[in-house]
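> Take each chain as given, in its own frame, and dock them per the hints.
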Amino acid sequence: MNKKRRLWMLLGAAVLLTPLGLLTDASAWGEWEESYYQKALGYIPHGIKNALHWHAPLPDYALHGFSSVAGYYLSALVGVAAIYGVFWLMSRSRKRDA
Amino acid sequence: MHIPDGYLSPATCVAAYAVAVPLWAVGFKKVRERLDERSLPLLASLTALSFVIMMFNIPIPGGTSGHAVGAALLAILFGPWIAFVAVSLALLIQALLFGDGGITTFAANALDMAAAGSFVAWWTFQALRRYRYAPFLAGWLGLVAASFLASIFLGIQPHIAVDAAGKALYFPFGLTTTITALTGAHLLFFGVVEGIFTQLGYAFLKKTDPELFAEEAR
Numbered sequence: 001m002n003k004k005r006r007l008w009m010l011l012g013a014a015v016l017l018t019p020l021g022l023l024t025d026a027s028a029w030g031e032w033e034e035s036y037y038q039k040a041l042g043y044i045p046h047g048i049k050n051a052l053h054w055h056a057p058l059p060d061y062a063l064h065g066f067s068s069v070a071g072y073y074l075s076a077l078v079g080v081a082a083i084y085g086v087f088w089l090m091s092r093s094r095k096r097d098a
Numbered sequence: 099m100h101i102p103d104g105y106l107s108p109a110t111c112v113a114a115y116a117v118a119v120p121l122w123a124v125g126f127k128k129v130r131e132r133l134d135e136r137s138l139p140l141l142a143s144l145t146a147l148s149f150v151i152m153m154f155n156i157p158i159p160g161g162t163s164g165h166a167v168g169a170a171l172l173a174i175l176f177g178p179w180i181a182f183v184a185v186s187l188a189l190l191i192q193a194l195l196f197g198d199g200g201i202t203t204f205a206a207n208a209l210d211m212a213a214a215g216s217f218v219a220w221w222t223f224q225a226l227r228r229y230r231y232a233p234f235l236a237g238w239l240g241l242v243a244a245s246f247l248a249s250i251f252l253g254i255q256p257h258i259a260v261d262a263a264g265k266a267l268y269f270p271f272g273l274t275t276t277i278t279a280l281t282g283a284h285l286l287f288f289g290v291v292e293g294i295f296t297q298l299g300y301a302f303l304k305k306t307d308p309e310l311f312a313e314e315a316r
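Residue numbers (the working numbering), protein chains in the order written: chain A, 1 to 98; chain B, 99 to 316.
FYI, nobody ran anything at the bench for these hints, they're computed from the structure.
A few of these clues could be false.
Said to hold, decoys possible - If you only want the chain A side, here are some residues facing chain B, beta carbon under 10 Å, derived:
1) L10
2) S35
3) K39
4) H46
5) L58
6) P59
7) G65
8) F66
9) D97
Backbone N, C-alpha and C define an ideal beta-carbon position, used for all residues, glycine too.
Pulled out of the complex, with its shape left as it was, chain B reads as follows (with noise of 0.2 Å):
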C-alpha cells in the first residue's frame, strides 16, 4: 500500500498535501499538548513498533504480499490525532530511509494508511469498546479503510489521466480492479493480521501497564 513516486498525477499528490499539511498541523499541536515524560517514550516504542511491524511482509495466494501497519494499537491508545501523526513519521522514514513509498505519494499514504487506518480504528473502538474483542475489530476495519483510500488513490488515475492515445499517464488499472485486489485482500488477509496484532498488542499493555487505560477514554 506504500505507493511509489509516478503512480499517482500531480493533482492528486497537490490535493493530498492540501489536505495532509493543515491535519499534520493540528494532530503535530496535540503531540505537544498531550504528551508528557512519562507517555513520550510509550509513543516513540509503539510508532518504533509500527515501523518493525510493516518489514513484515506476508505472501498471500495471488502472488502477492502485504503487511499489517500498527495504526490503530497507537489510535487506541494515544487517541487518532497522535496515531496519525505517529505512522506518518514512520511513513516519512520509510520514504527517506528505505525508498518504501514516494515522496510526491507520501502524503496520499500518509492519508490512508496513517489518517483513515487511525480514525477508523479509533471510532470502532469507542463503538464496540465493550465488546472483547473491539481491539481485533478497530484494527481489522482500520486497515480495510486505509486500503480502500488507497484504492481510491489509484483507482482513479487512469480515469483522471490518459495521453491522446487512451493510454494510462500514472498508474493504469482502474477502480474495480484496485478494489478488489488491494482492498480485497486486506478484507480477507492483512486486515486480519493487523487485528490480532492490535488485539495481542492491547492485551499485554493492559497487562504491563494498567495505569495507561485510565486516560483510554480520551
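The shape of chain A in the complex, shown without the other chains (with noise of 0.2 Å):
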C-alpha cells in the first residue's frame, strides 16, 4: 500500500507541476499554424490545408472560457483518468475471461 501511494503521490505532484509546461509559448518543431508556411514558403502545402479537422473536446488542453492553468490542470486530470479508466476495462474484461 506504501509503495503504490508514494506513486500516486509522485503522480499527483506531477500533474500540480504541469502550468509550468505553459511558461513556454514556443511550439513544437514542425507543428506550427498555416500561417507559419504561408510566412516561410509563400504558400500553404495542399494537404496541410486540408487536413483532416478533428474536433477534439479540450484542443490544445484548454477549455474555452477559462485562463490556460485551469484548461492545463483539467486535461491533466481529464488524461489521467482516461487512462486508469482503459486500464480498468482491461482488468475487468481479463478477470472475466479467467
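Laid out in C-alpha cells, this is it:
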C-alpha cells in the first residue's frame, strides 16, 4: 500500500506542476500554425490546408472561456482519468475471461 | 514530435497503420498475458505519468519547444511490447481528447514515440544494464531514435509528394532539415531530459518497490 501511495504522490506532484509546461509559447518543431507556412514558403501545402479537422473536446489542452492554467489542470486530470479508465476496463475484461 | 493530420501523405499514413496494427495486436496480447492485479495498477500509473510528462513543454534555443515521453522507464520495467501499448494509449488519448497529434498520423506517431522509443530504450538498457547510468542512456537513445524515425516520416514527404508546380503537398521540409532540427534537438536537449527522468524514475521505483526488479530480466 505504502509504495502505491508514494507513486500516486509522485503522479499528483507531476499533475500539480503541469502549468510549468505553459511557460513557453514556442510550438514544437514542425507543429506550426498554417500562417507559418504561408510566411516561410509563400503557400500552405495543399494537404496541410485540407487536413482532416478533428474536433477534440479540449483542443490544445485548453477549455474555451477558462484560463490556460485551469484548462491545463482539467486536461491533466481528464487524461489521467481516461488512462486509468482504459486499464480498469482491461483488468475487468481479464477477470471476466479468467 | 506529435505529427498533426495533413502532414503525411495518405500512402505514408496507410503504411504506418499497416505496420502498427499487427504490432499492437502482439503487444496487447502480451499485456493481457503478463499483467496481473499487482502489476496493472503500476502500469496504469506509469502510463498516466507518461501522459503528464508530455505536458511539460520545454523551450530550447531556436524558438521551438519539446518534451520527454517516458517510454524508456515503461520499457525497462515492463518490456518493450507492453511499453509500446502503454505509450500508444497515451498518444491515442492525446489525439482524441486534446487534438495533440493527428488521427490519420496516429500510427506514425505510435511507431516513433511508442515503438522506436520503447524498443531502442529496452535494447540499450539490456546491453548496458551493468552500468549505473544505463537508465539514463536508455532514455536518451530511445527518444533520439523516436525523433529520428519522426524525422524520416516528415522528411520524406517533399521527396514523395509534390504537385505539378513542384510545391510540397504535405510536410514541406526535406530529410536534411528534419534530421538536423528534430533529431538534433532531441540529441542535445529532450533526450537528455528523458534520460534524467528515466534515471530518477528507475531509482525511485527501485527504492520503493524492490520486488518489481526480480522480474525485470524478462
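> Checking hints one by one. Is D97(A) an interface residue toward chain B, by the C-beta closer than 10 Å rule?
It holds, given that the least Cβ distance between D97(A) and chain B is near 8 Å, below 10 Å.
> Can you verify the interface hint for L58(A): is its Cβ closer than 10 Å to any Cβ in chain B?
5 Å, holds
> If you take the shortest Cβ to Cβ gap from P59(A) to chain B, is it below 10 Å?
4 Å, holds
> Tell me if L10(A) is really an interface residue toward chain B, meaning its C-beta lies closer than 10 Å to one of theirs.
Holds: closest Cβ of chain B sits about 7 Å from L10(A), inside 10 Å.
> Close enough to count: is the Cβ of H46(A) nearer than 10 Å to one in chain B?
5 Å, holds
> So, S35(A) near chain B? Judge it on the closest CB pair being under 10 Å.
Hint violated; S35(A) Cβ to chain B Cβ min 14 Å, cut 10 Å.
> Let me know if the C-beta of F66(A) comes in closer than 10 Å to any C-beta of chain B, holds or violated.
With Cβ-Cβ at 14 Å, over 10 Å, it is violated.
> Against chain B, with CB atoms and a cut of 10 Å, does the hint on K39(A) hold up?
The hint is violated - K39(A) has no Cβ within 10 Å of chain B, the shortest such distance being about 12 Å.
> Under the criterion of a CB-CB separation shorter than 10 Å, is G65(A) in contact with chain B as hinted?
17 Å, violated
The structure fails hints 2, 3, 7, 8 (numbered hints given earlier, in ascending order).
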